[in-house]
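From first to last, the protein sequence lines stand for chains A and B. Just so we're aligned, residue 1 is where the first sequence starts under my numbering, counting upward by one. Just so we're aligned, residue 1 is where the second sequence starts under my numbering, counting upward by one.
The hints are simulated quantities; they were obtained by calculation from the structure and are not laboratory data. Just so it is clear, CB atoms sit at the ideal spot from N, CA and C, and this is done for glycine as well. One or more of the hints may lead you astray.
[To be verified] Sample of chain A residues with no beta-carbon within 12 Å of chain B, all distances over it, derived:
1. G87
2. V186
3. T189
4. A190
5. G192
6. A199
[As the list claims (entries may be wrong)] Part of the chain B face toward chain A, derived, beta carbon under 10 Å:
7. D41
8. L58
9. W67
10. R161
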Amino acid sequence: MANGSSWIDDLRWIAVETAVVIMAGLGLSLFANQISPHGLVLQRDYFALLPAPIAAGPGRADSSGPESGVGDLGSAPASEGGLMEVGFDDVLAAHQDPRREAELILFIDARNERAYQEGHLPGAWPFDRFYPERHLPEVVPACLGAEMIIVYCNGGDCEDSKFAARLLVEAGVPAERLRLYAGGIVEWTAQGQLLEAGARHSGDLRPGTP
Amino acid sequence: MSDPASTTGTSWRDRFILAARWLLAATFIYSGMAKALQPADFLKLIHEYDLVRAPLVLNLIAATLPWFEVFCGLLLAAGVAVRGTAVVAILMLVPFTGAVWQRALELQGVSGLAFCAIRFDCGCGTGEVAICRKLAENAGLIFLATAVAFSRDSLWAVRHRLFRN
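Produce the complete structure using the sequences and hints provided.
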């Protein structure tokens with residue numbers, strides 16, 4: 001049986017070993033995050049909302065955009081961050097509007113890549129807001145040419161659409177053109193609407209699982 | 001490395017420590033990899049705990065903890081720095097279990113459900129779980145890690161003690 005001093009000695013060595021494991025583990029973990037394709041940017045604030053309410057009152061559309069009835073969408077109160085929210089009826093009307101085909105009305109899916117591939121609103125652009133660098137080069141020019149951009153995520157407590165909208169505004173997209181669809185995918189599928197699986201415009205339409 | 005051929009004379013305690021080591025290793029590697037492959041989902045979950053608000057600290061936890069778990073799991077599996085790694089496992093498990101408990105109490109306050117009826121994704125890498133089961137699992141893991149931390153040697157270990165072997 002070990003005597004008292006050997007136990008104390010043992011504890012010392014365990015403490016040293018613990019410190020070595022922590023230091024080595026932290027170093028390797030930071031390196032793994034750095035080289036991982038899913039790595040996070042440590043300095044980025046992923047949960048920053050728009051700093052001040054956007055001056056887009058109910059019924060107001062971007063004054064620089066062409067006149068349109070759909071541009072008046074957004075009778076719901078502004079959400080946190082000041083962006084206007086739109087409900088299912090408005091979203092469905094926008095989705096069926098012929099100008100969606102002309103890319104004047106855009107849908108932006110703010111969920112992750114896996115969820116997007118499983119099923120998104122037909123024609124929606126992917127925009128995983130945790131990896132904006134992958135999407136901004138394509139999405140921003142498209143947004144700048146659009147009259148209205150509807151951003152959505154899962155719905156319910158999901159806030160990814162708000163954060164994605166913030167990133168788009170920071171990238172130069174006029175906030176007045178942005179709308180948040182708070183009901184998201186959950187409401188869209190619950191209303192019996194089809195989803196598009198795979199890539200954008202894949203044509204693989206299928207019913208979602210509410 | 002402890003010679004497996006000499007295991008004929010091993011005690012139940014040696015076999016228990018080996019099993020505990022490998023169970024902890026499997027748990028840490030599995031849950032770590034599940035989170036490391038989707039760190040953004042893990043970041044969202046720990047943000048929901050509302051325990052840390054500084055973005056840099058939040059990102060550091062989400063970016064490093066999953067890989068750190070994998071690293072600890074590999075050390076335990078191979079039997080390297082076993083006691084120190086077991087102490088690190090305890091240092092991760094105890095505060096995390098407290099945070100899960102606290103979050104469950106908050107959800108219970110909002111929902112009015114019985115405590116054991118609370119289910120949520122705790123960020124454990126296993127999706128939505130029943131809280132009482134999760135707490136029991138964590139208590140078991142803490143017990144096993146404590147047993148491993150106090151072990152003086154173990155079977156199938158490359159280097160049980162990192163120093164003074």
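Checked hints:
1. At the 12 Å boundary, the C-beta of G87 of chain A stays outside the reach of chain B, the nearest C-beta of that chain being 25 Å off.
2. Every CB of chain B lies more than 12 Å from the CB of V186 of chain A, the least distance being 16 Å, so the non-interface label holds.
3. The non-interface label for T189 of chain A is consistent with chain B: the shortest C-beta to C-beta separation is roughly 19 Å, beyond 12 Å.
4. Here A190 of chain A stays apart from chain B, with its beta-carbon at least about 20 Å from theirs, past the 12 Å limit.
5. No Cβ of chain B approaches the Cβ of G192 of chain A within 12 Å, the least distance being about 26 Å, so the stated non-interface status holds.
6. Every C-beta of chain B lies more than 12 Å from that of A199 of chain A, the closest at about 21 Å, which supports listing it as non-interface.
7. Checking D41 of chain B against chain A by beta carbon gives a least distance of about 7 Å; that is within 10 Å, so the hint holds.
8. At a threshold of 10 Å, the smallest CB-CB gap from L58 of chain B to chain A is about 8 Å, leaving the interface hint in force.
9. For W67 of chain B, the shortest C-beta to C-beta distance to chain A is roughly 4 Å, which falls under 10 Å, so the interface hint holds.
10. Interface restraint check: R161 of chain B against chain A, minimum CB-CB distance 7 Å, threshold 10 Å, status holds.
Of the numbered hints listed earlier, not one is contradicted by the structure.
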